[in-house]
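Protein chains: 2
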Amino acid sequence: MKSNVLLLGPGPCNPSQKVMESLSEPTLGHMDSEFINLVEETKTNLRSVFRTQNRVTFPISGTGSAGMEFLLVNFIEPGDKIVVAVNGVFGGRVANLAKRMGAEVIEVVQDWGRAMDNEAFIDVIKREEPKITAIVNAETSTGVYQSMEGIGEAVHEVGGLLMIDCVTSLAGMPVEIDRWGVDMAFSGTQKCLSVPPGLSPVTLSERAIEVFKSRKSPVPSFYLDLEQLLMYVDGSGGRSYHHTPPVNMIYGLHASLIEILDEGLEARWQRHATAAAYLIEEMTPFGFTPFVPEAERLNPLTTLSFPEGFKDAEMRQKIRSDHNIEVGAGLGPMAGKIWRIGLMGNNAAPSSVDQLVEALKKTLS
Amino acid sequence: MKSNVLLLGPGPCNPSQKVMESLSEPTLGHMDSEFINLVEETKTNLRSVFRTQNRVTFPISGTGSAGMEFLLVNFIEPGDKIVVAVNGVFGGRVANLAKRMGAEVIEVVQDWGRAMDNEAFIDVIKREEPKITAIVNAETSTGVYQSMEGIGEAVHEVGGLLMIDCVTSLAGMPVEIDRWGVDMAFSGTQKCLSVPPGLSPVTLSERAIEVFKSRKSPVPSFYLDLEQLLMYVDGSGGRSYHHTPPVNMIYGLHASLIEILDEGLEARWQRHATAAAYLIEEMTPFGFTPFVPEAERLNPLTTLSFPEGFKDAEMRQKIRSDHNIEVGAGLGPMAGKIWRIGLMGNNAAPSSVDQLVEALKKTLS
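Chains as they are written, first to last, in my numbering: chain B, 51 to 415; chain W, 51 to 415.
In short, the hints are calculated from the structure, not lab data.
Keep in mind that this is a model prediction, so the values were computed, not measured.
One should not assume that every hint holds.
The list treats identical chains as interchangeable, and a pair is accepted whether it falls inside one copy or across any two copies.
[Stated by the list, open to error] Quick list of in silico lysine to any residue cross-link-like pairs, SDA-like style, CA-CA up to 20 Å:
#1 K361 x S83
#2 K52 x E154
#3 K149 x R265
#4 K52 x K68
#5 K52 x D82
#6 K52 x V174
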């Protein structure tokens with residue numbers, strides 16, 4: 051049996067008992083109408099969580115990075131121009147991947163731990179008129195939540211598509227696909243959606259679908275080819291086999307979406323905000339200080355700079371081994387500088403903070 | 051609660067109770083040493099099942115087709131020559147994907163329902179001297195098992211790499227990676243490995259790794275980039291985050307591999323052979339005839355031509371709705387012509403056949 055760890059890192063978090071049990075329900079065939087109905091319900095509920103009417107909204111059979119790749123591989127053709135906001139690992143990953151696919155990549159950089167300046171970013175969009183503009187709504191490496199103000203309008207003014215990474219914000223902070231004018235978004239199940247890792251929910255606007263239809267070169271992937279995927283995932287033209295999706299993982303997502311919509315998105319966002327504020331309040335006496343300015347903080351994932359002389363790795367290891375709590379280390383250039391403390395899904399609760407503080411006290415004493 | 055269906059289609063099959071329960075065990079963090087140890091054990095046991103010493107042997111975070119794509123995206127550069135055996139959907143898919151990646155593709159076609167002629171295929175390899183030769187060891191669309199005799203030697207004689215699809219053979223019929231001289235192989239968890247769909251075990255020879263290292267262009271994928279994946283999956287240089295793997299799915303694979311090795315591979319192969327022979331024996335009185343010549347049959351997935359006037363879709367639907375048994379339809383050009391009956395993993399047992407025959411009798415009466 052595995053250890054029962056309170057997961058307060060950057061994801062995975064601890065799903066509910068009901069979600070965990072759903073993973074063990076009897077496997078159905080991927081062409082079975084009972085399973086297809088479950089996929090349809092999952093799509094409908096994903097639309098509610100993404101706040102979108104987009105017909106094409108479904109989970110990709112891979113983790114969050116597969117969702118990022120799904121979007122880029124279908125929408126980039128060699129030579130296409132993409133403007134990418136880079137203020138952490140995941141913006142950098144979008145830029146890296148776009149280059150691998152032969153795009154002309156314009157990186158707009160910002161200090162790690164800060165949101166992009168919307169006005170300055172919009173100026174670049176207007177100047178460059180890219181086919182795709184990509185921005186990270188929730189930067190999991192730094193704990194920054196990006197305001198989307200004005201960006202969708204600017205992108206559409208120049209006839210482009212807006213892509214966002216909402217892996218760590220979806221179902222934990224406002225994500226408003228339609229209101230923001232987002233054309234392409236990807237997320238992951240192991241954060242505020244509160245399911246184990248394994249799926250990447252994505253959504254595409256009709257505008258994006260039109261752009262896809264005008265592609266000149268074949269998509270250099272079969273697994274992630276939108277046209278092929280729609281033959282299975284979109285019932286409108288009858289269904290045919292494309293690949294065998296992770297049936298039992300979809301049970302988990304299906305179960306969790308019901309719980310999320312039962313709670314209500316606004317209530318859930320508020321719960322994540324309250325938990326994050328309480329965490330900062332409780333960690334301050336130990337000498338931890340928030341890495342991100344208040345207005346730019348990602349509630350589901352709080353980043354904290356260490357007190358003077360703090361033994362990062364040793365402390366994480368002790369809290370894990372002696373108290374069965376995981377906290378997240380810094381990633382990339384932030385390694386050894388910050389902790390990333392996730393309060394996601396059910397873990398976004400004062401009791402998670404209390405357990406961590408108790409463990410920290412005992413470990414420091 | 052989902053229906054408890056006896057899955058006798060082309061996969062998924064019904065995993066053991068223990069494997070199903072393992073999916074619900076507490077999620078661990080992907081950087082947690084307890085989980086890393088479990089990944090290491092999974093890799094070790096996968097090597098035994100693949101019959102290989104290959105260091106690079108691990109599950110890709112996607113279903114079988116993602117494994118196929120992993121191999122091609124890392125090893126094909128534009129202009130590379132690949133010889134592909136095409137005698138069903140999955141050989142065709144390899145050819146399709148290789149073209150999307152800019153390869154020069156030589157397709158060697160064979161009638162559906164027949165294995166490739168090894169001598170003729172070897173002649174093509176010697177003439178074309180391709181960088182990669184791809185052949186389907188277990189063609190899931192037709193129920194054909196491919197003899198590998200002489201192929202590895204020919205491929206290496208011309209300095210190439212041998213790639214096989216063993217999605218439906220691994221752990222159900224002989225797969226001998228090292229003895230056959232296979233350099234790249236991919237499988238899927240939902241067939242004879244007896245785990246729900248969601249992972250694609252792969253293995254790469256040292257020869258393949260050397261070829262990868264000499265790549266001139268960047269891999270046009272980040273999710274499937276071998277170099278990036280090894281930073282997480284291969285402990286030798288320390289571990290760093292690449293993506294968040296499907297933790298609970300890996301619990302399932304880990305649990306099933308232990309059961310498979312406890313049974314013993316030879317015993318398991320024999321069990322699949324016995325079950326397939328019994329199936330054909332029992333289905334013959336109904337007028338079903340084997341679609342594939344005896345020497346070329348894939349034991350885990352038997353394909354049967356219908357008796358005169360048989361109502362394919364109606365019968366499948368009734369057997370599913372009235373008896374909770376799934377049988378597989380024909381795929382692609384075989385639709386409406388054959389049934390694909392999978393006896394995989396725990397389902398490779400006379401009792402599965404007896405249940406199907408009973409259901410068929412009642413439905414026909």
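Status of each hint after checking the structure:
1. K361 x S83: between (54 Å within a copy, 19 Å between copies)
2. K52 x E154: Result: close neither inside a copy nor across copies, 46 Å intra and 48 Å inter.
3. K149 x R265: both (18 Å within a copy, 17 Å between copies)
4. K52 x K68: Answer is both: 18 Å inside a copy and 14 Å across each meet the 20 Å cutoff.
5. K52 x D82: The answer is between: 11 Å across copies meets 20 Å, while 32 Å in one copy does not.
6. K52 x V174: neither (49 Å within a copy, 51 Å between copies)
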